[in-house]
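These are the residues of each chain, in order.
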Amino acid sequence: MIDGSTFWWYVTAACLAWFSTVTIYVAIRGGLDIKHMLRRLKALKQQNRDE
Amino acid sequence: MSNFTWIDGSIIAVYFALAMFAGLSVRKYIGKVEDFLVAGREMDVYLGVASLAATEFGIVTCMSSAELGYKHGFAGAVAGVCGFLAMLFIGLTGFCVRPLRESGVMTIPELFEKRFGSKIRWWSGVVIVLGGLLNMGVFLRTGGEFLVIVCDIDKQYLEITMTVMLVAVGVYTIVGGMLSVLVTDYLQFLVMSVGMLVVTVLTLMNIPWETLASTVESNYGAGGFNPFVNPNIGWTYIIFQMLVNAAAMLTWQTTIARLLSAKDAKTGQKVYTRTSFFFVCQFVIPGIWGIAALATLGPGIVPTSHAMPTFLAQTAWPLGVTGLLVAAMLAADMSTDSSYMLTWGSVIYNDLMAPFRKTRWSEPRGLAWNRTIIALIGLFLLVYGLWYPLQQEIWTYLTVTGTIYLASMSTLLVAACYWPRANSWGAAGAITLGALIPFAYLVFEAIPVTREAALNIGAERAGIAAFVGAGLAMVLGSYLKPGSSVRIA
Numbered sequence: 001m002i003d004g005s006t007f008w009w010y011v012t013a014a015c016l017a018w019f020s021t022v023t024i025y026v027a028i029r030g031g032l033d034i035k036h037m038l039r040r041l042k043a044l045k046q047q048n049r050d051e
Numbered sequence: 001m002s003n004f005t006w007i008d009g010s011i012i013a014v015y016f017a018l019a020m021f022a023g024l025s026v027r028k029y030i031g032k033v034e035d036f037l038v039a040g041r042e043m044d045v046y047l048g049v050a051s052l053a054a055t056e057f058g059i060v061t062c063m064s065s066a067e068l069g070y071k072h073g074f075a076g077a078v079a080g081v082c083g084f085l086a087m088l089f090i091g092l093t094g095f096c097v098r099p100l101r102e103s104g105v106m107t108i109p110e111l112f113e114k115r116f117g118s119k120i121r122w123w124s125g126v127v128i129v130l131g132g133l134l135n136m137g138v139f140l141r142t143g144g145e146f147l148v149i150v151c152d153i154d155k156q157y158l159e160i161t162m163t164v165m166l167v168a169v170g171v172y173t174i175v176g177g178m179l180s181v182l183v184t185d186y187l188q189f190l191v192m193s194v195g196m197l198v199v200t201v202l203t204l205m206n207i208p209w210e211t212l213a214s215t216v217e218s219n220y221g222a223g224g225f226n227p228f229v230n231p232n233i234g235w236t237y238i239i240f241q242m243l244v245n246a247a248a249m250l251t252w253q254t255t256i257a258r259l260l261s262a263k264d265a266k267t268g269q270k271v272y273t274r275t276s277f278f279f280v281c282q283f284v285i286p287g288i289w290g291i292a293a294l295a296t297l298g299p300g301i302v303p304t305s306h307a308m309p310t311f312l313a314q315t316a317w318p319l320g321v322t323g324l325l326v327a328a329m330l331a332a333d334m335s336t337d338s339s340y341m342l343t344w345g346s347v348i349y350n351d352l353m354a355p356f357r358k359t360r361w362s363e364p365r366g367l368a369w370n371r372t373i374i375a376l377i378g379l380f381l382l383v384y385g386l387w388y389p390l391q392q393e394i395w396t397y398l399t400v401t402g403t404i405y406l407a408s409m410s411t412l413l414v415a416a417c418y419w420p421r422a423n424s425w426g427a428a429g430a431i432t433l434g435a436l437i438p439f440a441y442l443v444f445e446a447i448p449v450t451r452e453a454a455l456n457i458g459a460e461r462a463g464i465a466a467f468v469g470a471g472l473a474m475v476l477g478s479y480l481k482p483g484s485s486v487r488i489a
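Respectively, the protein sequence lines represent chains C and D.
The first sequence runs 1 to 51 under the working numbering.
The second sequence runs 1 to 489 under the working numbering.
The set of hints was computed from the structure by calculation and includes no laboratory data.
On a predicted model such as this, the values are computed, not experimentally measured, just so you know.
Check before you lean on any hint, since a few could be wrong.
[Stated by the list, open to error] Per the computed footprint, the stretches of chain D lying under chain C, defined by three or more beta-carbons under 8 Å from a beta-carbon of chain C, are:
id, segment
1, 176 to 185
2, 274 to 284
[Said to hold, decoys possible] Distance condition first, Cα-Cα at most 25 Å in a straight line; then the derived BS3-like pairs of lysine-lysine:
id, chain 1, residue 1, chain 2, residue 2
3, C, 35, D, 481
4, D, 28, C, 42
5, C, 42, D, 32
6, D, 263, D, 114
7, C, 35, D, 32
8, C, 35, D, 266
9, D, 114, D, 266
10, D, 270, C, 35
11, D, 28, D, 263
12, C, 35, C, 45
13, C, 45, D, 263
14, D, 32, D, 481
15, D, 263, D, 32
16, C, 45, D, 32
17, D, 32, D, 114
18, C, 45, D, 119
19, D, 481, D, 114
20, C, 42, D, 481
21, D, 28, C, 35
22, C, 42, D, 263
Virtual Cβ for every residue (Gly too), placed ideally from N, Cα, C.
So that you can see chain C by itself, here it is in the shape it has in the complex (with noise of 0.2 Å):
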């Protein structure tokens, strides 16, 4: 059975950790999320132009 303060501790860890993590991984892959979208977005806008 491990302390109060040794469990917020690994808590505080993981939070560290999972921020460190997500914020490279978004950095990367949000980006790219936002190029595709906007193409998407463009191919979309001139179809309906189109039609």
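Place chain D on chain C using the hints.
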């Protein structure tokens, strides 16, 4: 005295310029109302994670989480654990959110019309807008107070600071809608994360973990670590937090907007699953700042919500860290404000104005109305944010105002998706009781004569009563009305 320098100011100016540029540059991609409100439903997983996290974390959230840490120790973060468990469960199972996304609606009341009729759609919209705008009403003031304390700005400039920030957010939200919100959320999530990580690591380097733990131990004993034995938290609080968080993950329009903007239900569920742990982070990390304030300033800061910003202002950070911190908090607040303005506006346009659209409106007309509504919401926020005096803990205010709609809307959503017997009588009863109980509590708490009685009942008991009342009203009302409806799931 704050150690705010011109380097800090430059960091904030660069962030501000980047956010405005990003927000305004996507205007050309907006062609239809659907593009404006749900980004053409083209959002993918990682942009969704950034957007959902950035939206659900503002200065008000940061200050309320820090206040909980300052007042209750580590145990104050239990609300974040409840949020994490609720979002993880919903993301993994697709409970309610799968049928909601697959129905192709833009707002929750639109779904209710399919099950309960147009009147229930309209009244659901009223409750959602009322609860949402009251909830958002304190964002500006708390955000302004944070900036005034941390940047050491003269208090007379509080209103001007708030107005400038709101106008900036309003401009790019009005121009680009959800598309601007998503793109700026991405940038704001990155700035916010870096700022929070740097400040937390530096705080833990300045104040050793043993000092934080012993501070909590000496002020709150075992209750500072274990929420179940904390006299100010306990089972009632935790049950209420579980209910509120589960309901918020299912029906809080700003959260659901990410699900409805996703490419499909599967993508929406992935966004939920991968963002879920953020809810622990958004309580634990500012909670650490609140405990650090308790360790350095002592327990006497009034109001308690000012303890954390005072600690941040009085700490001698390395050059540029204050600027990074303020940019991070501005990012957090701007992303929240923009998303909230857009989503409450979307309910006003899509649901409250539905009876007035006898014929199909043209896309330019729809866009013009949406933009006007967002501008009016901004004006309301400015006025409400300036005069409403906060009577209680920030988090308590947020959960009680949220419950005005969370109790009834979550009951309606679960019933609409999974209970074929549910009908408009049950829905009307759930809306009435679910909204009336928390609203009455807020009113009684504000009136001096009844304030004592309201405090004896407690916000948590009033909140639980709203959920129980809404559920019972749904069941009783549905059984009282002859005939039954068809399920959508």
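Under the constraints set out in the numbered hints, which ones does this structure not fulfil? 3, 14, 18, 20
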